[in-house]
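A.B. asks: Generate the whole structure from the sequences, applying the supplied hints.
Protein chains in written order, with the working numbering: chain A, 190 to 378; chain B, -7 to 188.
Be aware that one or more of the hints could be misleading.
To be verified - Here are the in silico distance ranges between beta carbons for each label pair: (1) B/ILE120 - A/CYS334: 20 to 26 Å; (2) A/LYS358 - B/GLY35: 24 to 30 Å; (3) A/THR333 - B/LEU168: 51 to 57 Å; (4) A/ILE355 - B/ARG174: 31 to 37 Å; (5) B/ASP34 - A/LEU193: 23 to 29 Å; (6) A/TYR352 - B/SER182: 56 to 62 Å; (7) B/VAL133 - A/LYS358: 32 to 38 Å; (8) B/VAL86 - A/LEU339: 40 to 46 Å; (9) B/ASP34 - A/THR333: 28 to 34 Å.
Think of the hints as simulated: they come from the structure by calculation, not from any bench.
Where a beta carbon is used, it is the ideal one built from N, C-alpha and C, also for glycine.
As a plain string of letters, each chain reads:
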Amino acid sequence: MIYLKLFLTFLKIGAVSFGGGYGMISLIREEVLAAGWLPEKELVDFIAVSESTPGPVAVNMATFIGSSQAGMTGALTATAGVVLPSFIIILLIAALVKKIAEYAGVKAVLGAVTPAVTGLITATAAILFLSCVTGLRTVGDRATCDWKALIITAIILLVAAVYRKIRKKSFPPALLLLISGGLGIALYL
Amino acid sequence: MKKAIKLFFIMLKIGLFTFGGGYAMIALLENEFVSKRNWMSDGEFAEMVAIAESTPGPIAINAATYIGYRQKGVFGAVLSTIAVCIPSFAVIYVISLFFNEFLKIAWVAAAFRGIQAGVVVLISLAGIKMFIKMKKSLFNVLVAAATFICMIMFSLFAVDFSSVFYILISAVSGLLIFLVKRMRERKKRSENNDIS
Chain A
190 MIYLKLFLTF LKIGAVSFGG GYGMISLIRE EVLAAGWLPE KELVDFIAVS
240 ESTPGPVAVN MATFIGSSQA GMTGALTATA GVVLPSFIII LLIAALVKKI
290 AEYAGVKAVL GAVTPAVTGL ITATAAILFL SCVTGLRTVG DRATCDWKAL
340 IITAIILLVA AVYRKIRKKS FPPALLLLIS GGLGIALYL
Chain B
-7 MKKAIKLFFI MLKIGLFTFG GGYAMIALLE NEFVSKRNWM SDGEFAEMVA
43 IAESTPGPIA INAATYIGYR QKGVFGAVLS TIAVCIPSFA VIYVISLFFN
93 EFLKIAWVAA AFRGIQAGVV VLISLAGIKM FIKMKKSLFN VLVAAATFIC
143 MIMFSLFAVD FSSVFYILIS AVSGLLIFLV KRMRERKKRS ENNDIS
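C.D. replies: What follows is the structure in structure tokens.
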């Protein structure tokens, strides 16, 4: 039953994703690849769409994957799944234990989760880099080198770094994606 | 009822205009609920942000649920959570209908090959930023490094190990370290009491 599977998968993703949208990308990627819902490249394309459309990345991803697998009902069940854990947790906190974030034990747990999420996000970036640029997913795959992707990566890293130096704030994601899209047209078409 | 309708439309608006993740939304929420309407005090708002950030799930959803509950109880929470989701749901649903066709256009496909590189950069920057902001205690650096290395290795050797486990393991070890520390402090205190 695809609806139930979508609902439960995104329920799990919603329940354990700390640290905003990027924190859940590693888990979404694992679940989506394991279920065979989307190939890796399409997933990355869609992360870009989620980043450049309004709303939380998690909700966008759930809606898209749900819709691509099982139409409108699929989109609704996946979105409901990803939203429900936050909704219930926040409701309990707002109604019962407003000061939960101040308990030392809770602080210790939350503080310990942050470095793990940091590791997850950076590792996901490295894994995606390997698979997008060299085609290397697991040891034994024959590695190739997409030098155009390397050039694009280098250029946008440079632009983002210069922007940061001058404007003292991080580069807007939508603009970064726009530039990389332009470079993609220039180099691949 | 009038307030509920207002709440619904404010959240709808916020859902429509938050690009680039939850943090952009915090500023919008502050403007709507604290500066413009005075529905929440500064202190209450800061408390809400702390809770939304430290609980799992998208910050936007957490904030909407919390504010909705504070304004109009459970009904308000349901209303604002649905409202904040509607814009992204509608936009993405429409995109999902055409996305595959859209990708078949040659220049769009070329653009998206470039965008894939851009996404990798975005995720790396988010990770690096989080690492810079993280307190560099021995525990934190060890956990971050171990997670980073294990995840890449497991992925390369196709070992099945869910991201959930990294989060659970670090949460449990954080709790254990906290409990051990507290037990030691208690022991010390009672020893001191014995002497005196």
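A.B. asks: Give a verdict on every hint.
C.D. replies: Taking the hints in turn, this is what the structure says about them:
For the hinted restraint 20 to 26 Å between B/ILE120 and A/CYS334, the CB-CB distance of approximately 24 Å keeps it satisfied. Remark: the range hint 24 to 30 Å for A/LYS358 to B/GLY35 is upheld by a beta-carbon distance near 27 Å. Under the hint 51 to 57 Å, the C-beta atoms of A/THR333 and B/LEU168, about 45 Å apart, miss the expected range. Distance hint check for A/ILE355 and B/ARG174: the Cβ-Cβ separation is about 48 Å, which falls outside the suggested range of 31 to 37 Å.
Between B/ASP34 and A/LEU193 the beta carbons are some 44 Å apart, a value that contradicts the proposed interval 23 to 29 Å. For the pair A/TYR352 and B/SER182, the supplied restraint of 56 to 62 Å holds, since their beta-carbon distance comes to about 57 Å. For B/VAL133 paired with A/LYS358, a C-beta distance near 26 Å fails the hint of 32 to 38 Å. At roughly 34 Å, the beta carbons of B/VAL86 and A/LEU339 sit outside the given window of 40 to 46 Å.
Distance hint check: the CB atoms of B/ASP34 and A/THR333 are about 55 Å apart, inconsistent with the given range 28 to 34 Å.
Against the hints set out earlier in the document, violations occur for numbers 3, 4, 5, 7, 8 and 9.
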